[in-house]
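Use these hints to put chain B onto chain A, whose structure you have.
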Amino acid sequence: MRKHIAAGVAALSTAFAVTALAGCGAPASGDVGTTTLTVFAAASLKGSFEDLAEQFEAAHDGVDVQLSFAGSSDLVAQIQQGAPADVFASADTANMDKLTADDLVVEPQAFATNTLEIAVPPGNPAGVESLQDLASPDVKLVLCAPEVPCGAASAKVAEAASLDLRPVSEEQSVTDVLGKVIAGEADAGLVYVTDVASAGDAVEGVEFPESDSAVNTYPIAPVTDADEAELAEEFVDLVLSDEGQQTLTGFGFAAP
Amino acid sequence: MPVTAPRAETAVGLPRWAFAPAAVGGLFVLLPLVAMATRVDWSSYWSLITSESARAALLLSLQTSAASTVACLVLGVPMALVLARCRFPGIDLLRSLVMVPLVLPPVVGGIALLYTFGRRGLLGETLEVAGVQVAFSTTAVVLAQTFVALPFLVTSLEGALRTAGARYEAVAASLGARPTTVLRRVTLPLVWPGLLSGAVLSFARALGEFGATITFAGSLQGVTRTLPLEIYLQRETDPDAAVALSLLLVVVAVLVIAATRRDRGPL
Numbered sequence: 001m002r003k004h005i006a007a008g009v010a011a012l013s014t015a016f017a018v019t020a021l022a023g024c025g026a027p028a029s030g031d032v033g034t035t036t037l038t039v040f041a042a043a044s045l046k047g048s049f050e051d052l053a054e055q056f057e058a059a060h061d062g063v064d065v066q067l068s069f070a071g072s073s074d075l076v077a078q079i080q081q082g083a084p085a086d087v088f089a090s091a092d093t094a095n096m097d098k099l100t101a102d103d104l105v106v107e108p109q110a111f112a113t114n115t116l117e118i119a120v121p122p123g124n125p126a127g128v129e130s131l132q133d134l135a136s137p138d139v140k141l142v143l144c145a146p147e148v149p150c151g152a153a154s155a156k157v158a159e160a161a162s163l164d165l166r167p168v169s170e171e172q173s174v175t176d177v178l179g180k181v182i183a184g185e186a187d188a189g190l191v192y193v194t195d196v197a198s199a200g201d202a203v204e205g206v207e208f209p210e211s212d213s214a215v216n217t218y219p220i221a222p223v224t225d226a227d228e229a230e231l232a233e234e235f236v237d238l239v240l241s242d243e244g245q246q247t248l249t250g251f252g253f254a255a256p
Numbered sequence: 001m002p003v004t005a006p007r008a009e010t011a012v013g014l015p016r017w018a019f020a021p022a023a024v025g026g027l028f029v030l031l032p033l034v035a036m037a038t039r040v041d042w043s044s045y046w047s048l049i050t051s052e053s054a055r056a057a058l059l060l061s062l063q064t065s066a067a068s069t070v071a072c073l074v075l076g077v078p079m080a081l082v083l084a085r086c087r088f089p090g091i092d093l094l095r096s097l098v099m100v101p102l103v104l105p106p107v108v109g110g111i112a113l114l115y116t117f118g119r120r121g122l123l124g125e126t127l128e129v130a131g132v133q134v135a136f137s138t139t140a141v142v143l144a145q146t147f148v149a150l151p152f153l154v155t156s157l158e159g160a161l162r163t164a165g166a167r168y169e170a171v172a173a174s175l176g177a178r179p180t181t182v183l184r185r186v187t188l189p190l191v192w193p194g195l196l197s198g199a200v201l202s203f204a205r206a207l208g209e210f211g212a213t214i215t216f217a218g219s220l221q222g223v224t225r226t227l228p229l230e231i232y233l234q235r236e237t238d239p240d241a242a243v244a245l246s247l248l249l250v251v252v253a254v255l256v257i258a259a260t261r262r263d264r265g266p267l
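Chains A and B, in that order, give the protein sequences.
Mapping of the first sequence onto the numbering used here: position 29 corresponds to residue 29, and the numbering continues sequentially without gaps.
Mapping of the second sequence onto the numbering used here: position 124 corresponds to residue 124, and the numbering continues sequentially without gaps.
If you're looking for bench data, these hints aren't it; they were derived computationally from the structure.
Be a bit skeptical, because a hint or two may be false.
Dumping the calculated EDC-like pairs for lysine to aspartate or glutamate here, alpha-carbon to alpha-carbon at most 20 Å [said to hold, decoys possible]:
(1) A:K98 <-> B:E236
(2) A:K156 <-> A:D212
(3) A:K156 <-> B:E236
(4) A:K98 <-> B:D240
(5) A:K46 <-> A:E57
(6) A:K98 <-> B:D238
(7) A:K98 <-> A:E147
(8) A:K98 <-> A:D74
Computed footprint of chain B on chain A; a stretch qualifies when at least three of its residues, placed anywhere within it, have a C-beta under 8 Å from a C-beta of chain B [as the list claims (entries may be wrong)]:
(9) 144 to 152
(10) 167 to 173
(11) 176 to 185
DEER-style ranges, computed between Cβ atoms [what the hints assert, rightly or not]:
(12) B:L255 <-> A:E129: 45 to 55 Å
(13) B:Y115 <-> A:E159: 35 to 45 Å
(14) A:Q55 <-> B:A18: 55 to 65 Å
(15) B:A258 <-> A:Q55: 56 to 66 Å
(16) A:G127 <-> B:R162: 53 to 63 Å
(17) A:D97 <-> B:W42: 25 to 35 Å
(18) A:P122 <-> B:P189: 29 to 39 Å
(19) A:S130 <-> B:V107: 26 to 36 Å
Don't be surprised by glycine CBs; every beta carbon is placed ideally from N, CA and C.
One chain only, chain B, in its complex shape:
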C-alpha cells in the first residue's frame, strides 16, 4: 500500500513495508563494523597501525591499488565503449565473459593467473625469455588486483554509456567531429559520473583483494604483502593488531568512497 499516491507532481512514496527490511539490511552491514570497532584496543591502536610491517602493507596496498585502477581505466574504458556501442555477433557472450572475474572465487582467479603468468604458465616462459619475472613481484599483485577489479569499471561505465545514449554523439559526428573528438568532447564528459564511480569501485575492490594475491603473488613484506594479507597473517599471533588493521582498511575504503560521493553530490 503506497503512502503517497503516484502522481506526477508529488514525490512517489515508498510502501511502508519496505522500511523494516531496509533497516535490517542496513544493520546487517553496519553491525559487524561496529562489533569490530568495539574490539579495538584503543590504548595501543596508534602503535599497532604504525608498526613497520603495518606501514609497509598500507603503503603497498595504496600503491598497487592506484596502479591497478590506472590499468583498469586504460583497459576498461575501451572495453566498455566496445560493449556499449558496437553490434556484432557474440557480443552478448563477450559481455558475460567480461563479468566472469566478478563471480569467480578470487582463489580461482589466482590459480588461473598462475597458469597464465606463472613461470610455467602460458605466457610465463615467453615473459621470462623477455627478462620479465612476474612471480613473487609487485607486478603480480597489480595483475591480480586488476583482474578482479576490471569488471567493476567496465559494468559501471557500460551502464552509464547505455543510459546516456548515442544521440549527442550522432549530432557531434553530423557536425563533422571525428570519432576521437566525439569521445573526448561528448561521450566521456557525459558519462563522467559513471566513469568516476567505476574507478572508485575498482580501487576499493583492489584494496580489498586477498585471494588471488595470496594464491598468485605470494606474501613478502614491502613486495607482495598488502594490507589484507598482513591482517590475515597478524591474526595468527596478534589478534589485536589484526583488528586494528582491519579498522584501518575500513576507514581508508570509506574515505575513498566518501570523497568521490561528495564530488558527485547526493545521488
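Pulled out of the complex, with its shape left as it was, chain A reads as follows:
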C-alpha cells in the first residue's frame, strides 16, 4: 500500500515537474534514450533552478532535468515516502537534517543564503523605512506564521531588535505574505530578499540591518538511493561552481 502511495506521489510530482518545465519553455525532450535527473527543490529556488537545469541540460546531451518545487517540508515527506528524487535542495538546514538523520541523503553542502527584507506595495503607502516602523499600529503587517521557516526567521529578527510585532495575519508561506503585499491588502510584509527580487515591480523592498540576525542557509545533497547517482553529483557540483553561484546571485541569493 505504502509503495503505491509513494508511486502516486512520485507520479504527481513528476507531472508537476513536467508542467513546470513546459511552462517555462525548457526544451521538451521526450526522446527514447534520454536520461532523467529528478531534482526536488524548495519553492523559493524556482527561478534560479530552472536556469541551472537549462545550463545542466545544455552541458549534458540526452539528459532531461525534471524539477519539482514545493515547500521543503513537503518535499522531505515525499522523499521519506520513497519519491524518486535524485537531488534535494532545501530552504533550511532543519528540513535537510531530517533526511540526514534517516540516511536518505549524502553529505549536504550549503550552497546559498537568503535574508529577510521588508516588502511594501509600490509607492510604500504606509511610509515604512525601517524594521521599527513595522511595530506601528498604523501599519498593517503580514508575517509568516512562526511554525514555518520564514516565520521563525521573522521572529528571530524581531527578537534581536527587541520589537513586539503585531501582524494582522500570520500566513502559511512566504508566497502568501508576498501575495497580500502585492494586492495592497497589507502595508508591509517580511519576505526573503529573493522574493522581492523575483516579484519585480509588484513590490518595493526595504532593507534593514537587523536582517543579519536571521541568515537562512540552503543545503543541497544527492539522495542516497538516487537512480542517477553520478548525474546527481554533477548537478550538485554545478550548483556549487562559480557559474552556478553566479546564477544564484542573479536571483538575489548570497554565497554561503
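Positioned in the frame of chain A, the structure of chain B alone reads:
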C-alpha cells in the same frame, strides 16, 4: 436484470450489478476517514484538541459558519424564490451564474473577493471611507464562507420549491391571502425539509471552507484562523495535532448532518 419485477404493489428492486459499485463508492468515502482515525495518537488526543490554538480555531469556525449560514438564509431564500417562481428573460443564465461559486476553485473565489472587498477592491475604498475594514477581519471569513456556501442553499431550496409546485399557493391566493402570508403559511412550511437540508449543507460547506479564507481573509488566531487553516498550519510542525484536529472537524460535521437527518426522519 431486475431482481423484482416492477409492479405497482411490490417494491421495485435494484439491478444486482448496482450493489458492487455502490459498495466500492461507500468504501471510497469511508476508508480515508478510517485510515485517518488509525493515525490518531489517542493517548494525547484530548490535549491536542483542547490546546489554546485548537479551541480558538474551533470556536471561530463554529461562530463564522453559523453567521454565514444566517447570511445564506437571508440572501438565499429570496434568491431561490425568484429563481423557482419568476419567469423573465435571462433567468436561465442567472440560475447558472448563481452556481458559479460551486464550480469555482475556492482560491479563485478568494481572489475575486479580494478584488471586490479588499482595500483596493471595487467596493473596498467606499467601505473604507464608511469606516468598514474588511481586510484581515472575521467579517472577511464570513464573506468567504457565505460566497462558497450560498449555492448549496439556493439549489436545495429551489429544487424543493419546484417539486412542491405552486398549486397550494394558488389556492391560498384565491382565498384572499396576501403574498407574504402565502409565503409564510403555505410555501415555507411545504419546503421546510429542503430549506433545512440546504441550511445544513451551507453550514457544513462553511465549516470546511479553506481556500477562499486563506486567500482573502488571512490567518490569525482567534480572528481569521478557522479550524481548516489551523489544521493546514499544524501540518507543518505537528502532524499529530493536524490529524487530531482533522478528526475533530469530521466529528463536528457528522454530528451536524446527523442531527438534522434525525429531525427529518429516514429519507
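So, going through the hints one by one against the coordinates:
no.	hint	result
1	A:K98 <-> B:E236	13 Å, holds
2	A:K156 <-> A:D212	10 Å, holds
3	A:K156 <-> B:E236	18 Å, holds
4	A:K98 <-> B:D240	17 Å, holds
5	A:K46 <-> A:E57	16 Å, holds
6	A:K98 <-> B:D238	14 Å, holds
7	A:K98 <-> A:E147	16 Å, holds
8	A:K98 <-> A:D74	12 Å, holds
9	144 to 152	holds (count 3)
10	167 to 173	holds (count 6)
11	176 to 185	holds (count 6)
12	B:L255 <-> A:E129: 45 to 55 Å	52 Å, holds
13	B:Y115 <-> A:E159: 35 to 45 Å	36 Å, holds
14	A:Q55 <-> B:A18: 55 to 65 Å	58 Å, holds
15	B:A258 <-> A:Q55: 56 to 66 Å	59 Å, holds
16	A:G127 <-> B:R162: 53 to 63 Å	57 Å, holds
17	A:D97 <-> B:W42: 25 to 35 Å	29 Å, holds
18	A:P122 <-> B:P189: 29 to 39 Å	57 Å, violated
19	A:S130 <-> B:V107: 26 to 36 Å	34 Å, holds
Checked against the numbered hints above, the structure breaks only hint 18 and satisfies the rest.
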